[in-house]
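Asker: So the sequence lines, in the order shown, correspond to chains A and B.
The first sequence: position 223 = 223 (our numbering), numbered continuously.
Position in the second sequence (from 1) plus 1000 gives the number in our numbering.
Derived from the structure by calculation, the hints contain no laboratory data.
All C-beta atoms in this analysis are idealised placements derived from N, C-alpha and C, irrespective of residue type, glycine included.
Some hints could be false.
[Unchecked claim] Non-contacting residues of chain A with respect to chain B, defined by C-beta distances greater than 12 Å in every case (computed):
{"id": "1", "residue": "22"}
{"id": "2", "residue": "30"}
{"id": "3", "residue": "49"}
{"id": "4", "residue": "81"}
{"id": "5", "residue": "88"}
{"id": "6", "residue": "181"}
{"id": "7", "residue": "212"}
{"id": "8", "residue": "240"}
{"id": "9", "residue": "257"}
{"id": "10", "residue": "262"}
{"id": "11", "residue": "265"}
{"id": "12", "residue": "272"}
{"id": "13", "residue": "288"}
[Claimed, not checked] No farther apart than 30 Å at their CA atoms in a straight line, the calculated lysine-lysine pairs in the DSSO-like style are these:
{"id": "14", "chain 1": "B", "residue 1": "1298", "chain 2": "A", "residue 2": "131"}
{"id": "15", "chain 1": "A", "residue 1": "290", "chain 2": "A", "residue 2": "219"}
{"id": "16", "chain 1": "A", "residue 1": "137", "chain 2": "B", "residue 2": "1184"}
{"id": "17", "chain 1": "A", "residue 1": "108", "chain 2": "B", "residue 2": "1184"}
{"id": "18", "chain 1": "B", "residue 1": "1359", "chain 2": "B", "residue 2": "1184"}
{"id": "19", "chain 1": "B", "residue 1": "1358", "chain 2": "B", "residue 2": "1022"}
{"id": "20", "chain 1": "B", "residue 1": "1076", "chain 2": "B", "residue 2": "1046"}
{"id": "21", "chain 1": "B", "residue 1": "1076", "chain 2": "B", "residue 2": "1056"}
{"id": "22", "chain 1": "A", "residue 1": "219", "chain 2": "A", "residue 2": "276"}
{"id": "23", "chain 1": "B", "residue 1": "1358", "chain 2": "A", "residue 2": "23"}
{"id": "24", "chain 1": "B", "residue 1": "1358", "chain 2": "B", "residue 2": "1184"}
{"id": "25", "chain 1": "A", "residue 1": "108", "chain 2": "B", "residue 2": "1358"}
{"id": "26", "chain 1": "A", "residue 1": "131", "chain 2": "B", "residue 2": "1022"}
{"id": "27", "chain 1": "A", "residue 1": "137", "chain 2": "B", "residue 2": "1022"}
{"id": "28", "chain 1": "B", "residue 1": "1298", "chain 2": "B", "residue 2": "1358"}
{"id": "29", "chain 1": "A", "residue 1": "23", "chain 2": "B", "residue 2": "1359"}
{"id": "30", "chain 1": "A", "residue 1": "23", "chain 2": "B", "residue 2": "1184"}
[To be verified] According to the in silico footprint, chain B covers these stretches of chain A (three or more CB under 8 Å from chain B):
{"id": "31", "segment": "101–107"}
{"id": "32", "segment": "121–127"}
Given next are the chains, with one letter for each unit.
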Amino acid sequence: MSTPEIIFDEVSKFYGEVLGVSKVTLRIPPGTTSLVGPNGSGKTTLMNLMAGLIHPDRGSVSMRGLSPRDPARLMRVTGYATQYDSAPRGTTGFDFVATSLILAGHPKSVAERKASEALERVSLSSAAHRKVAAYSKGMRQRVRLAQAIANDPEILILDEPLNGLDPLVRAETIALFREFAARGRHVILSSHVLQEVDVISDQVILIANGMIVAEGQVKNVREEMHDHPSQYLIRCHNASQVASLLFEMEHITQVQMHEDRGGLLVMTRNRAEFSKALTRISLSGHTVEKVVAADDNVDALYEYLIGGGR
Amino acid sequence: MQELSQIWTIARLQLSRVFFSKRSFWVYGLALFPSLIFFGHGVEVKYRRANAISHKSDPAALDAIRQGDTPEEVLKAAGTPARDQTFSFNRRVRSKIGKGGVKIEEKREEVQSRYMQYFDGNREFSLNFEGGFLQSKNIRNIINFDEDRRIYAGVFQFFYLRLAIFFGCLGIFMNLFRGEMLDKTLHFWFLVPARREVLLLGKYVAGLIASVTIFGLGAALCYAMMLWPQDPAAASAFWQEQGASNMFWYAATAALGCVGYGSVFLAAGLLLRNPIIPAITISLWEGINGILPSAIQKLSVLYYVQSLSPVPPPMDENAPVLIRLLFSPADPPSTLVAVAGLLALTAFVLWAASRAVKKLEINYGTE
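Just chain A, same shape as in the assembly:
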């Protein structure tokens, strides 16, 4: 594969007169990428465009060099767990996963072995031979995930994959994504649980009203947002003195003392200058125990760029 990137080039998609996504241009490198945005923002549209379930009205999509209009090649290296159940009526979890593998061209014995392995990875072995229709919401989520990973895809697309999972399975699933990403593969997922997105993602794509609001590593995106002061939590001795020193600096917009008077919440318009200032303060004899970025996460980005309504 010559281009190990997912590329959207000026992609627009309309559903009749309703906007799906507009002029989306993206280059997604391997790793875990989270699509974050409110309902109806265009997350599933982007995923469906990647998988070729819908086609762009304008622009083009390239999936690691493959066209979504060529499912025979693309779907050999792609697994997509959609938000809809797709198991044919009456099938068991095992049959559902094995059938996908048989359709992918594997001999029956190989398909069955891979299906067993995939179901084991999502902790569904004990219920493998029960009908999907009798599964709980979490089990359905897991069987869809098993189907998506069964063929060991290079691109894994997951629509709200953590919905309905209990904490233990959730942790196992996140570990699974990390393992895929660590092997140089693409893991694209959408999620509403921003704390988890923070933990899972190498990069995020924030989308609202069909348009990309921000993309990249969370830290880098935050740094690019000059109109929102960065927030830092500082634990230090003599907090009041440190606060007065910080107040003298132009780039500091606000300083709040913690209730225990052992720390500060500082807002600055210039991260680099703030870093230098902290060094100077430390060298002048004040003990700074800990400095943590308070809004260097997806939750904060979401609030700043998209606002409420999650």
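Since chain A is already given, all that's left is putting chain B on it; use the hints.
Answerer: Frame of chain A, contents of chain B only:
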């Protein structure tokens, strides 16, 4: 080779859906309805034949009965009837009264009537007496093989081809894509590493296996039901001579009807969500095809399949030309041309459908 394997795998996985879909279970009713009718006819014939054997009268004596004979004369000549019913009814009698008959008076008078039924083994005699004299004598064969074959030809042409197979294929083939869109399961197939054309052909093969099985066997079963009550010797002779061949061609015609209509409704299911629109449009197109110019007639499935039916449908010689044309093409193609033409038409429709399926998008509603 791999694509053929994928087509077969897809078809195999779709079989349970096409055979047991709740949405198209009524298709079995359509396919089996004529068989049920012929079965009922067979049971009735068997009953009447058993009755005829147990109440057999002298054929010559029955033939000799004339209008005006009294019940006593008939009983003396033909013996005890299979049925003998006496009843009375009121009849309205109109008579003109007054000078020049200017006024009409209506009276009711009671009429004594009697009905007798005789059998001579093969024929049923119905004798109606009024006022003590024979008024009418109706004779009909207990079973008429020629007539039954003509009725079967009519049922096959007018019901089976034009209604049962047409709507059956609509029910089976339109659901292959539209039904999965409604169930929100179509993406399972679109996420398979197979070309969309392969998916289309896989689903078509599944629909074809189901429809050919249901309607091919339905036509053959109906034919068997038609033969069942016939005289065994006559039926055996007919079977040797042309019965087997006719049955094969009826089943083959039904199968080819499924081939043609299946492709049409598969394509329609890709383009339209509402089955009523293609049902009405294609039904009208097929219906008026007989009166269209010859070149356009060739764009109809019915044009080819109705020519393959081994026995022409019964048609009243006095029927208007337009009606005759609607039910039978003026210039029917030969068997070879009909089969080749139908397959060519099917290939064209499937090619058009493959173009449509490549553009088809999953849209169950906005996210």
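Asker: Does each hint hold? Answer for all of them.
Answerer: Hints versus structure:
no.: 1; hint: 22; in the structure: 15 Å, holds
no.: 2; hint: 30; in the structure: 21 Å, holds
no.: 3; hint: 49; in the structure: 10 Å, violated
no.: 4; hint: 81; in the structure: 10 Å, violated
no.: 5; hint: 88; in the structure: 7 Å, violated
no.: 6; hint: 181; in the structure: 21 Å, holds
no.: 7; hint: 212; in the structure: 16 Å, holds
no.: 8; hint: 240; in the structure: 51 Å, holds
no.: 9; hint: 257; in the structure: 45 Å, holds
no.: 10; hint: 262; in the structure: 46 Å, holds
no.: 11; hint: 265; in the structure: 37 Å, holds
no.: 12; hint: 272; in the structure: 40 Å, holds
no.: 13; hint: 288; in the structure: 46 Å, holds
no.: 14; hint: B:1298 to A:131; in the structure: 48 Å, violated
no.: 15; hint: A:290 to A:219; in the structure: 19 Å, holds
no.: 16; hint: A:137 to B:1184; in the structure: 16 Å, holds
no.: 17; hint: A:108 to B:1184; in the structure: 27 Å, holds
no.: 18; hint: B:1359 to B:1184; in the structure: 18 Å, holds
no.: 19; hint: B:1358 to B:1022; in the structure: 28 Å, holds
no.: 20; hint: B:1076 to B:1046; in the structure: 29 Å, holds
no.: 21; hint: B:1076 to B:1056; in the structure: 15 Å, holds
no.: 22; hint: A:219 to A:276; in the structure: 19 Å, holds
no.: 23; hint: B:1358 to A:23; in the structure: 23 Å, holds
no.: 24; hint: B:1358 to B:1184; in the structure: 18 Å, holds
no.: 25; hint: A:108 to B:1358; in the structure: 28 Å, holds
no.: 26; hint: A:131 to B:1022; in the structure: 19 Å, holds
no.: 27; hint: A:137 to B:1022; in the structure: 25 Å, holds
no.: 28; hint: B:1298 to B:1358; in the structure: 27 Å, holds
no.: 29; hint: A:23 to B:1359; in the structure: 21 Å, holds
no.: 30; hint: A:23 to B:1184; in the structure: 28 Å, holds
no.: 31; hint: 101–107; in the structure: holds (count 4)
no.: 32; hint: 121–127; in the structure: violated (count 0)
Of the numbered hints listed earlier, those contradicted by the structure are 3, 4, 5, 14 and 32.
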